[in-house]
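Novice: Since the structure of chain A is already known, use the hints to place chain B on it.
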Amino acid sequence: MSPPGVGESDEGVRAPLRSNGVCDREGSTVRRHQAITVGVATAALLLSACGGTGQSTSDEVLVSAASSLTEAFAEMEIAFESANPEIDVVLNIGGSSALREQILAGAPADVFASANISNMGLVVDAGDVEGESAIFARNRLEIAVPVGNPGGVTGLADFARDELLIGLCAESVPCGDYGQRVLQNAGVVPAVDTEEPNVRALLTKIEVGELDAGIVYETDVASTDGEVTGVEIPDGDNVHADYSIAVLTEAPNVDGAAVFLAFVLSEEGRAILANHGFVLP
Amino acid sequence: MTKRTDSSERRKRRPPLVLVVLAALGLSVFVMPLLGLLARTPWRDLPTLLTSDVVVDALRVSLIASLGATAISAVLGVPLAWILARVEFRGRAIVRGLVVLPLVLPPVVGGAALLFALGRRGLIGEPLNQATGLVFPFSIWGVIIAATFVAMPFLVISVEGGLRNLDSRYEGAAATLGAGRWTVLRRVTLPMIGPSLAAGLALTWARALGEFGATITFAGNLQGRTQTLPLAVFVALESDRGAAVALSLIMVVISLTVLIALRQRWWGAL
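Residue numbers (the working numbering), protein chains in the order written: chain A, 1 to 281; chain B, 1 to 270.
Just chain A, with the same shape it has in the complex:
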């Protein structure tokens, strides 16, 4: 059961603390955000953890990527680093809107990969994007049902059946917005039983059989390795989730960032994305 995003949407997301990528830049991060709370002890810890590597800042590219890109970008990192051994990619994975908030608050990322256009748009509007953003992948939506499909769900029309337990994402998160649009396209008024805070929470409740059906991303269904069954949404009703990527204006490593972005858009990068179920633009 994924924790319901504690801290994803509160002020905590603005804090420059990341699980990855703090090593080479904790000095500037602390300065820029005056994160006094981080404290001397933490700084010492970071220094002792990173001191021996002797890497300079220019070797590292920090990529803030949407959580639905977790698996694809992990593979992307490995492929990129074997092609460019002098550059170290560090992934900062999170919800697109949480990442957006971090960037707008001045977190020193090099590349931003968002799961929708609107979050990228807000970063562009703030003047934080260097050059142009590019749509590099698309995701489609799919109905997810528990293995064995106990509710006998065959399409979107079943979402109106009151006797079924139906879940969607909350409308405040992208998958909820997309899900509502899909249902609207199909002219279905859903009998919703729960609006989950993120797509993985929804997926888990379907996986354990507590919900009969929900609308998630195609790549989510693929990522469960058969723990849920997908029911296709016809092209006429489906919508595309556009993934947008850009180099950030305040990137500490603009050159490295550009090389990484070019790799994502290259044939090799596209093959990795396709492998993980993304549709290519």
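Please note that a few of the clues may not be correct.
Output of the computed footprint for chain B on chain A, the stretches with three or more beta carbons under 8 Å from beta carbons of chain B [unchecked claim]:
1) 169-181
2) 190-200
3) 203-210
Derived, one-sided and incomplete: chain B residues facing chain A with beta-carbon distance under 8 Å [unchecked claim]:
4) Arg121
5) Gly220
6) Val235
7) Ser239
Hints were generated in silico from the structure; no laboratory data involved. Even glycine gets a Cβ: it sits at the ideal position worked out from N, Cα and C.
Specialist: For chain B alone, coordinates are given in the frame of chain A:
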């Protein structure tokens, strides 16, 4: 219950400065977030926000669920506390550990555990569902169960403490005077543990009102059915920060009012 110091004595024993400074810092831990909340409150839009459907629905669900959880905790928790305080049996330490476990368990874990036990496909939930058609998740019952799970320990601990501090000779005296066991319980024991019971009920209710993790994991989130105030705050934080702050303010005002009022009236035991 609390001993009163008279004012002259208090003046003589002025508290050490170090303690005052540390206590002030301690207090600031609680006050700072409140100030942050007040600073972000959209006062002008507050009336509109407070009467919006989301807020009214969440308030209703929260009140029903927290009062329901408190009632269930009273009915089941007082006997549990009585057994723990008065009956010697093997494994009492284990039972006591199980009772307080929800205090230290992350609520999300509790919610997942409830789902695996009482969910439609759960260990107990599945046979129960087949026999009676009952489904707890995604219903108000799910919210009440989740709140009871996290909140009842407060009642059990508080009442058990009250029972242990009770001089059992009063009950013995009542019994010698011919009172039956029920009469003793009703007329002697319960009135004497009144303050502990009141404190336990207040804490249980307050914890139930603030419950988030177990609720969203076990009962889901649907406006008007399972969306409590904390859930509404969480969802609103991503879309409408003004509404989130307004909802938070309601919770603070309700909880603070009730806790302060109770403290003044009955709550001497804690």
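Novice: Starting from the hint list further up, note which numbers the structure goes against and sort them upward.
Specialist: none
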